[in-house]
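Peer 1: Using the hints, build the complex out of the two chains.
Residue numbers (our numbering), protein chains in the order written: chain E, 1 to 196; chain V, 1 to 224.
Bear in mind the hints are in silico, worked out from the structure with no lab data behind them. Be aware that a few hints might be false.
Reference excerpt, derived from the structure (chain V facing chain E, CB under 10 Å, subset only) [claimed, not checked]:
#	residue
1	L5
2	L15
3	V19
4	A22
5	T23
6	V36
7	M85
8	N86
9	A113
10	A120
11	D158
12	T164
Computed list of chain E residues with no C-beta within reach of chain V, every gap over 10 Å [stated by the list, open to error]:
#	residue
13	N10
14	V75
15	V107
We put the beta carbon where it would ideally sit given N, CA and C, even for glycine.
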Amino acid sequence: MAKYWKLIYNGIVPGNPVFVLLLGMCATLGTSSSAMNGLMMGVATAAVLICSNAVISAIKNLVPDKVRIPAYIVVIASFVTALQLLINAFMPALNASLGIFIPLIVVNCILLGRAEAFAGKNPVVDSICDGLGCGIGFTFALTLLGSVREILGTGRIFGFEIFPEDYGMLVFVLAPGAFIALGYLIAIVNKIRKTC
Amino acid sequence: MILSLGIITAVAGALLGVVYAATKEPIAIMQKEQQVNAIRQVAPPFDNDPEADVWTTQVDGTDFTVYPAFKDGKLQGAAVMGSSMNGFSGEVKVMCGFDLDGTVRNYEVLSQAETPGLGAKMQMWFRDPTGARSVIGKNPGTTPFYVTKDKASNGQIDAITAATISSRAFLEILRRAYDSYVKYAESKGVTVGDAAAQTEASAKGDASSGASQQWDGEKTGEQK
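So here's chain V without its partners, still in its complex pose (with noise of 0.2 Å):
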């Protein structure tokens, strides 16, 4: 009895390790390509490797992950990826780009598991033009990033119709990856909303090289 269970189980579990060892490699691949397909959806043109450049930070204990974007050695902006688990029902995970003075180009969800029909449009709701509904070429540094319903914050932005835990969930996203993106920028000399002046102040640096730090060495030079 306990020895045909035990075939029965080691049989199973020597199957599933072919399994796992045969699809490790191409879920890893899988994983990557989508992390970078949902980069360049999200961030500004860039020249560069986000993820060779990937910056990490915590916001309440929550990791934040920023891919900054170059282009001709200069910040262009960011792809942040970013989660939270405040939602309706478990964690929800965005990509949000960032253009340089911190105005949201675009997003990305990358996985959630909000109300089917009610928090799960998420993906479509807050790029509708509709109303107040878009995040889109808003920016969380000049707008309230909270949904209208939390007028002690001045929200800004329509929250999904029987949904807003899930939009305040997302508005939240969205908020602390703008923080992470000021934060990085501050790390490389560069002040978002004073975007005027960067622009004109790197094209005086070094304009050609792709790599940051060497970049990032003659900018915070010349702010001084």
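Isolated chain E, as found in the complex (with noise of 0.2 Å):
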């Protein structure tokens, strides 16, 4: 059980896929532009990213070495695929709010990088704590990120309030804010890994 529980923390704190790894950095800053937006971005990473490390893990003796990578990216875009579909056909309000993120998730490289690190050598049960554990350190990191150009950007945080809107920063709301938050946000976060 401790295994599982040091697989899941690896993910969000040590490892975090934004923070520490570096990985799928095209979709943390085009949808961390509010807190709601990263919040449904990483909650969406999270389950394509928990169902493919399953099945990589489960079928990685079946593929031989030299096709694995497409291998996992077909098993990676139908389970997108296929989560896009259900939650056009069964969930409208979430398909209003993550319709236009979830074909992002494919290229996300955070999906095929735990694949190829983790998933593609080590059981399926301690895959599922990995993908679990990632997605959970994602989803902070995106929220944490859209958190704060949020606050920066139009004075709200998920849609409360703060300060009035007209002191915001607009550019933390458009990319370059992105890039200029991510980066402080990494150099506090290597500030604190490094004293404790």
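Peer 2: Structure below.
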């Protein structure tokens, strides 16, 4: 049991996909314009990551080494497409807020990165824990980045007003602000990791 | 090697096929429901089936769909669905509702991918009564539906702060939707902007039937 907790913890803090591994930057920068968007994208990615890790780990002995990457991509893309169809059909409210992000998950290198680095070498349960940990870590990072950008850019967090919007720095909602905020967050996280 | 990759893709393909087949119908129902809800929200009260009476036209190569609203066989206005590719990122799709005289009743942004926090605010911005932001209750036939920055067009609508391009696209859809509605109304023998006369004329028309076709014949006949 302790092993599984360690795997989950590893994905959240020491091996955080965004702040430490710097994986999936494209999706991170693009979808973290508000705390809610970041949270939604994180949850969707986590769901696919857990499923794809489990399946890839289960089929790892059936896939020859030379074709493992295309095989992994097929698995990931299938899960994303299935998820998109299901959300479209049965959860219209979720579709409205999450719809545009779901296709982005396919090109998120966290999925392929974890498949290649972990799920392809470890048993199924371990891989699920790793997916869960990385998923939570990714969600946490995206929500944090989204919150920072939303507060600085619009004076709100999760839609609640903290200070009037007119005092917000618009640049943080736009792409350059994503880079600036992410840079500072990584610096802060590195500082914290070094001191403890 | 080829065999195992082939098997994996075949299995994945088959599973996706199953999911697609299972979700195809719910998705279609859901989309139709959303559309009907949007029509209901923006169009004047009606007792016909606007989707059955649908009328399509093209403005500069873009499709505009008019969902006419009839009550007791009389044209009350319409919901018009239109889109524009001139936004900041990708297509903007809006359903807007017009009263008989072309006044904007309400609108719903159906889909857009504008910048969050800027252009994405269009769903709320253009109904905000602050300044000259709101388009509700204004008539594109009498008010120039251009952003105030466009002095040459005598613009009368405040653009979203720092999202002029998105605002222009939005107003363009509304202008074109209005034109489509006017065109549709003309095809039904109603001159938009001459609403009072129309109300009087149609009062003599077929008041009981909801069938627009029948009403059309009588209406045009009368105006001659």
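Peer 1: For every hint, state whether the structure bears it out.
Peer 2: Hints and how they fare:
no., hint, verdict
1, L5, "holds (4 Å)"
2, L15, "holds (6 Å)"
3, V19, "holds (5 Å)"
4, A22, "holds (8 Å)"
5, T23, "holds (4 Å)"
6, V36, "violated (13 Å)"
7, M85, "violated (17 Å)"
8, N86, "violated (19 Å)"
9, A113, "holds (6 Å)"
10, A120, "holds (9 Å)"
11, D158, "violated (15 Å)"
12, T164, "violated (13 Å)"
13, N10, "holds (29 Å)"
14, V75, "violated (7 Å)"
15, V107, "holds (17 Å)"
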